[in-house]
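Chemist: For the sequence shown, the UniProt record's numbering begins at 1 and goes up steadily by one.
Don't read these hints as lab results, they were simulated from the structure. Being a predicted model, the structure only gives us computed values, none of them experimental. Every residue, glycine too, gets a C-beta built ideally from N, C-alpha and C. Errors might be hidden in some of the hints.
To be verified - Listed next, with one range per pair, are the computed distances between beta-carbon atoms:
| # | residue 1 | residue 2 | range |
| --- | --- | --- | --- |
| 1 | E187 | W235 | 22 to 30 Å |
| 2 | K227 | R104 | 54 to 62 Å |
| 3 | G57 | Q231 | 24 to 32 Å |
| 4 | F108 | R209 | 24 to 32 Å |
| 5 | F91 | R148 | 33 to 41 Å |
| 6 | N198 | V39 | 16 to 24 Å |
| 7 | Q239 | L29 | 26 to 34 Å |
| 8 | Q231 | S66 | 21 to 29 Å |
| 9 | I35 | G57 | 36 to 44 Å |
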Amino acid sequence: MAALLLLSWMMTAWHNNVALSIVFGLAGLAIALHIPVAVDHRWALRRAHEYWRHTEGATLFFPDRSIAIAEYVFFGMVFLAGVVGIGLVWFVRLTQTPIGSTMRGTVFFASLFIALATASWRKTPFTLRPSPALALTHDGIHVWPGTRHETFIYWEHRPQVTKVVAYQLLLTTTANAVITCYLHDREFPMGSLPMEYNQLRRVVEFYARHRRLRHELAKPEGLERVKSLMQHPVWEVEQQLPPPTPKRPRRHRK
Numbered sequence: 001m002a003a004l005l006l007l008s009w010m011m012t013a014w015h016n017n018v019a020l021s022i023v024f025g026l027a028g029l030a031i032a033l034h035i036p037v038a039v040d041h042r043w044a045l046r047r048a049h050e051y052w053r054h055t056e057g058a059t060l061f062f063p064d065r066s067i068a069i070a071e072y073v074f075f076g077m078v079f080l081a082g083v084v085g086i087g088l089v090w091f092v093r094l095t096q097t098p099i100g101s102t103m104r105g106t107v108f109f110a111s112l113f114i115a116l117a118t119a120s121w122r123k124t125p126f127t128l129r130p131s132p133a134l135a136l137t138h139d140g141i142h143v144w145p146g147t148r149h150e151t152f153i154y155w156e157h158r159p160q161v162t163k164v165v166a167y168q169l170l171l172t173t174t175a176n177a178v179i180t181c182y183l184h185d186r187e188f189p190m191g192s193l194p195m196e197y198n199q200l201r202r203v204v205e206f207y208a209r210h211r212r213l214r215h216e217l218a219k220p221e222g223l224e225r226v227k228s229l230m231q232h233p234v235w236e237v238e239q240q241l242p243p244p245t246p247k248r249p250r251r252h253r254k
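Work the whole structure out from these sequences, hints included.
Modeler: Okay, here's the thing in C-alpha cells:
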C-alpha cells in the first residue's frame, strides 16, 4: 500500500493536483511511520509469555501499550489526511483559489481515508487505563474488560477457539479469534496484541478441559501455567501434571 500511495502522490504532484497530492502524501507518511510498529509487533509475538500478570483472583494478559498507542496514532494520521483533503476542497470553493486540483478525486479519496480510519479504530480495542485484554478467573474468561468489546465467557459453556476472522479491507489486517460456546459465538479482537491465535487456543482448551485446575488461575501457579502454554502444546503441558488422586473406596457398614 505504501508503494501505491507513493506512486499516486508522484502522479498527482506531476499533474499539479495540489490538494490530492497533500492527501496522498500525509497518508503515505502515516504508513511509512507505521512500518517500524509492525516490525515491533512481530518481535513482541515472540515474547507473549512476558505480558501475563497475576493479580488477586485472576491471571491477566496485557496489551503492549506502545504498540496500541502507535496504532491509534496511525489511524489518526490517516483520518487527518482525509480531513485536510476535505478542508482544502472547501477552501478552494470559498476563495476560488486556483490550485489545480481535481475536486471530485480529492473528495473521494479523502472520504475513503476517513471511512477506513474510523472503521479501523472501531475494530481495535483500546483504553487509556492500563486494563488487560484478558482476565482468566475460576469462573471464566473476561474479554477486554472496560472497553466496548467487553464480554464474559463461562468455562461451563465449554469455550473453544475455533477460527480467525481477518478484516483485510481495513488500514491494518485486524484478526479476531472466534470463541465458540454451546450457546453462542464471541469474537475476541486480537488486533496488535502480542499473542498468536494458537497460543490463545491452547490456554482456552487447557482450562476448558481441566476443571479441577481452574482454581489455580487465582494463584501464582496459574500464571506459570499460562506462560508455559505460550511456548508448549497442550499435550506437553498435560504430561507434567501430577496423576489424579485415586478415590478411596467407601466402607459399607454391616
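Chemist: If a hint holds in the structure, say so; if it does not, say that too.
Modeler: Against the structure, the hints come out as follows:
1. E187 <-> W235: 22 to 30 Å: At roughly 27 Å between Cβ atoms, W235 and E187 fall inside 22 to 30 Å, so the hint holds.
2. K227 <-> R104: 54 to 62 Å: holds (55 Å)
3. G57 <-> Q231: 24 to 32 Å: Given a distance of about 25 Å, which is inside 24 to 32 Å, the answer is holds.
4. F108 <-> R209: 24 to 32 Å: Violated, since F108 and R209 (Cβ atoms, about 52 Å apart) do not stay within the stated range.
5. F91 <-> R148: 33 to 41 Å: holds (35 Å)
6. N198 <-> V39: 16 to 24 Å: holds (21 Å)
7. Q239 <-> L29: 26 to 34 Å: About 51 Å separates the Cβ atoms of Q239 and L29, which means 26 to 34 Å is violated.
8. Q231 <-> S66: 21 to 29 Å: holds (23 Å)
9. I35 <-> G57: 36 to 44 Å: Holds: the Cβ-Cβ distance is about 40 Å, inside 36 to 44 Å.
Violated hints, in rising order: 4, 7; the structure is consistent with all others.
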